[in-house]
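So you can see what is in the structure, the chains are spelled out below.
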Amino acid sequence: MAKVKSLADLRKMKEDLQSKVHLREKGDNYENLVQVKVGMGTSGIASGAKEVFNFFVDELEKRSIEGVVTQTGDMGYNFAEPTIEVTIPGKEPIVFGNVDMKKADQIIESYIKNGELVEGILPENYDKIDNK
Amino acid sequence: MAKYSMHILVCGGTGCRAAQGLAITESLKKEIDENNLNDTVQVIETGCFGFCEKGPIVKIMPDNTFYVQVKPEDTKEIIAEHVIKGRKVERLLFVDPDKKEKVSDSKHMGFYRKQLRIALRNCGFIDPENIEEYIGREGYEALGRCLTEMKPQDVIKIIKDSGLRGRGGGGFPTGLKWEIASKNHADQKYVVCNADEGDPGAFMDRSILEGDPHSILEAMTICGYATAATKGLVYIRAEYPLAIKRLQVAIKQARESGLLGKDILGSGFDFDVELRFGAGAFVCGEETALIHSMEGERGEPTVKPPFPAESGYWGKPTNVNNVETFANIPVILIKGATWFRSIGTEKSPGTKVFALAGKINNVGLIEVPMGITLREVIFEIGGGIKDGKKFKAVQTGGPSGGCLTTKHLDTPIEFDTLIAAGSMMGSGGMIVVDEDDCMVSVAKFYLEFTVEESCGKCAPCRIGNKRLHEVLTKICNGNGTREDLELLDNMSRVIKDTALCGLGQTSPNPVLSTLDNFYDEYLEHVDDKKCRAGVCKSLMQYVIQPDNCVGCTACARVCPVGAITGERKGIHFIDQSLCIKCGACIEKCKFNAIFIQ
Amino acid sequence: MDFVKLIIDNKQVEVPAGTTIYKAAHQLGIEIPVLCYMNLEHMNIENKPAGCRICVVEVEGRRNLAPSCSTDVVEGMVVRTNTMRVLNARRTVLEFILSDHPKDCLVCPKSGNCELQDLAVKMGVRKIHNEEISQMSSYRVDYSPSIIRDLDKCVMCRRCETMCNDVQTVGALHAVNRGFMSVVAPAFEMDLVKSTCTYCGQCVAVCPTGALAEVDNTPQLIRALSDTKKTVIVQTAPAVRAALGEEFGYPAGTSVTGKMVAALRRLGFDYVFDTDFAADLTIMEEGTELLGRLEKHLKGEPVKLPILTSCCPSWVNFFEQQYPDMLDIPSTARSPQQMFGAIAKTYFADKINVKREDLIVVSIMPCLAKKYECQREEFKTDGNPDVDYSISTRELAHLIKEANMDLRNMPDEDFDNPLGESTGAGVIFGTTGGVIEAAVRTAYEVFTKKKLEKVDFQQLRGMEGIRSASVDIDGFELKIGIAHGLGNARKLLEDIRAGKSEYHAIEIMACPGGCVGGGGQPLHHGHSEILQKRAAALYREDAEKPIRKSHDNPMIIELYEKFLGHPMSEKAHHLLHTHYVDKATVIKTIE
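Protein chains in written order, with my numbering: chain D, 3 to 134; chain P, 18 to 614; chain Z, 47 to 637.
Treat the hints as calculated values from the structure; they're not laboratory data. For every residue, glycine included, the Cβ atom is placed at its ideal position computed from N, Cα and C. Watch out, some of these pointers could steer you wrong.
What the hints assert, rightly or not - Just a few of them, taken from the derived set where beta-carbon distance is under 10 Å, the chain P residues facing chain Z:
1) ASP113
2) GLU166
3) VAL300
4) GLU470
5) SER471
6) ASN507
7) ILE512
Claimed, not checked - Taking lysine to any residue pairs in the SDA-like style, the calculated list, with each CA pair at most 25 Å apart, reads:
8) LYS64(D) with THR44(D)
9) LYS321(P) with ALA233(Z)
10) LYS119(P) with ASN31(D)
11) LYS20(P) with ALA82(D)
All chains should be modelled from the sequences, with the hints used to inform the complete structure.
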């Protein structure tokens, strides 16, 4: 590791290194953050869930949104893969189906940023993932 | 650089390591490798999570899943189910003992709910062997600010304003200590970190050093800056190999990064830290004894004054603080004295780390705000008494502390209230005893420890504690008299009043506090020759209940000393003068005819 | 100097800042009892580990009791030395100490002279509670030629440790083991004989109890005196006469030479001689050796300088162990005790026609190392030692008392001849600086062939640990160094080793004060002024002597004429000189 020569140096380094522990800090505080769970069952992956997962990971960071992106098993909506569940702190989780990149972008911009619902919400006839 | 979307934290504290923690890490890494997850999942060995009762612990981030009692063979399932499929491994989740529900987020566990981690902030969170993770968590930021933006007296003022008191037991105001050291001028001054943790069952210092060594180095350097000392020494017991290793790694990294050594952060301030190993003598936690030990002398205390801040290591002004005290320093400097004062109580701001042990459900390491009650600690965080038994007492402050009872349960925990209650904070040991424990024996146990750990320098501690132990043994053997109780009281008070150092001045506390709170138990031992908890063997009698005895002779045949006599089909009898109380008869009797009196 | 006002037992006192409560109370005439504390003020030696806790006092505003020996006074302090809390604490602590102390006072060497016993009397301790269940910290007794250690009686006062380490820098004794089993002992609880102990006996001199005592040789002496077939002769060292009186109620510094001679004669010694005679002989040999080296030095020949005196057996042990690389520097002259023995068992035995094995030579010494010295192989002929038994001043006092004699009732008698004749130079051997002063008196006259008019060399006298002086010997400036206490000796030796020493001659005495402060002298119990008084008594006796220069001693002159020839002759070399052993290596080999 390079020498830290000044406080400014240290702070710059901290900015770079923060990412190393940021994931954990977010996890520690996930209840106050946007949570995105991506269904990654076989059918989900086959229909592009992996790409959607990566998209959320990258884009939330790029758009400076503190969020936790995790994967989960098959949500049971095989007709509407990839499926994701988004939880905004203080609100009930909402499940979106048929999420592609474009839809994902829309979800971030409208729902996550402004709380406006977008098309593609799946009805609440499922158990929350955690209750399974 | 790999972009990880998941971190798996494995407890790498001494306790979990002993329970195959290392094998878990290895096995997780292997599974990740086999599943080609190297770029997305990172395994990190951290310091202690504190919940040692349920160790080894594995925590998965960012979904904050807390797996307990994990075995190496569970790792395959964790990777296959949780990591790949996103399904939690239900059977490894913690079960709330009251609600019988599974809890995956540690914040919702009784054990963690009331905790507030300041000194332990990085334990169980970062990789202690990676300085980058520490820096990523604002590590060395406090040092940077001190060196670049503050004068030494400003640093001391913040610490003074914060009201931080020494966490090693004495509770002396840290800022004041620093101020005294800063005002004594000398060509060389020292900063010493006291890591000679010696209370039985206490491991808070070890956990901090194992989980967050850089915080100690940072705090020592800050202290050096504040007191104009350029050399730091960590006095650590050699029985802490992991803590030593982590410290050594941390020192090396800090030196390589220029955070220790010459001209730190371009400020012109030099500071370096070395390790000194102790042989684990309890008395070396006393600062003068510690300094003598570091000088190669016999580890025994000397009269204060002079205090180390005036004349310490090699006669130079030396500031000695305990590990936990140091661990608080960087946070206080970043978040401010007011923030720190907002936690805890007016006279004891901040938090305190305790090692919970004994007859309690959740054994482990906890950090709680000062002012929390014993009840909250024992029944909420500690999860109550094991096996539904009745709470009897809690020994705080280690062997030098006292036993507190039901009537103290709602006492807020802080330095002064504990002393007022006849105990002390000590370094934070907390041992819970239940109805199955005999309080005379508990006092005897602690005296055994102090007798063993006395350095032998002053007569009251060297001989007096031995005599206390002998009288307690006499009472436990059923030979005690009422005069012995008076003797215990007088000897204890004189030892407290005359002993040279903190060890002897506090060693009779277990006797005095049990005499105070459990005098009836002492009287039972002395007058009735009875030990209600059934601990004192000499006071137990195995007796045959004639109504139940059928004369099967099974007991007589199994008795190894021939103490049982009786005709076949006749009532049997145990000769108490021969009985060695081995308990073989009671096990053998099918008719519940033998009982303990 | 800053002064501090405080109140002790309702009395106001003003003392310099930095004074301890104990000393401030002493100034008021309040004597606080102590056990571990020891202050040898005149020697600058203080032992205050604050370990015994007997001297505790109550200080207003302080949570616990304060050890008065090591707590400095503070302005406005209010101290009480005799509250019931204090008395109860003291008594309880003393009971603790007694509970771990053997009760065999009847047969203890320190019985009647024991500080712990005195405390027990003062505090009226009548009972040890629970004695039947009280374990004792028990150790084996360790015997050496000079010192017996009975650690069951060790109270961890650490006085011996202070003497052995801080004062003597010998480092044979340290606190070992922990807690209840703590005692002061050689490393690894080795025997003293395997340690670096020099047998100086300073540990014995300060031990408050019977943990450290001299080896008692009086039983052998009594048997020898009762054997009619043996001729038993005795020599008395200079320092003995200046201290023996203390055991019989004389004030310190009373010289009791004549009464001592009378008492010895009445004990049954056939001849009562004086080690002072041998001291004069030592000057002849050592002085000649010094002059020899000086002459070579002046001629520019390579020669070992400074020369070091060699009359102190503890000092000899010290350099044999600690400076084996410098064994060629000290004088080869034997100590007066051994010179006396060698002459007695040859010259004198022939003279009175007694066979060597029928002649018993006894020495009365202020010293415990002499017991070891007389057993050294170098000083035996066919296994028969030149000096058979060495008895300390304390043992002699016991023996006189045991024989129903009171020194005060003795007449003054003279030593026998020929080995009882001595000069003032021999007398002052017993104090620091005396040997070198005696040597200078002789060296001056022998070197310059002129008469020395002024024989008192004040510049060589005193109690400073290290002293240096120059003596003008007819234009030649003789540079002299003096050290007493082995710690001080070490400083001079380190200079020699480093080639920095400018001295021509150095006198070294192992004990602080020289032989007057020897390990076999009546116990001073911390009153270090006693040593100065003993020294003054020797200088007085010197001044009163008609002959004050060793080479003027007629019996010495006769000895050389009739027997030895001349100083450093072959015979003198054989009888009066010795060689030294590298004990550092020997000790390693034992290990």
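Right, here's what the structure says about each hint:
Given the 10 Å rule on beta carbons, the hint for ASP113(P) is violated: about 46 Å separates it from the nearest Cβ of chain Z. Hint status for GLU166(P) relative to chain Z: violated, with the closest Cβ pair at about 40 Å, above 10 Å. A hinted interface residue such as VAL300(P) counts as satisfied when its beta carbon comes closer than 10 Å to some beta carbon of chain Z; here the least separation is about 8 Å, so the hint holds. The beta carbon of GLU470(P) comes within 7 Å of a beta carbon in chain Z, closer than 10 Å, and the hint placing it at the interface holds.
Given the 10 Å rule on beta carbons, the hint for SER471(P) holds: about 4 Å separates it from the nearest Cβ of chain Z. Checking ASN507(P) against chain Z by beta carbon gives a least distance of about 6 Å; that is within 10 Å, so the hint holds. Interface hint status for ILE512(P): upheld, as the beta-carbon distance to the closest one in chain Z is roughly 8 Å, under 10 Å. Taking the CA atoms of LYS64(D) and THR44(D), the gap is near 28 Å; set against the 25 Å cutoff, the hint is violated.
For the proposed pair LYS321(P) and ALA233(Z), the alpha carbon gap of about 28 Å is over 25 Å, so the pair is violated. With a CA separation close to 20 Å, the supplied pair LYS119(P) and ASN31(D) stays within the 25 Å bound. For the hint linking LYS20(P) to ALA82(D), the alpha-carbon distance of about 28 Å lies beyond 25 Å, and the restraint is violated.
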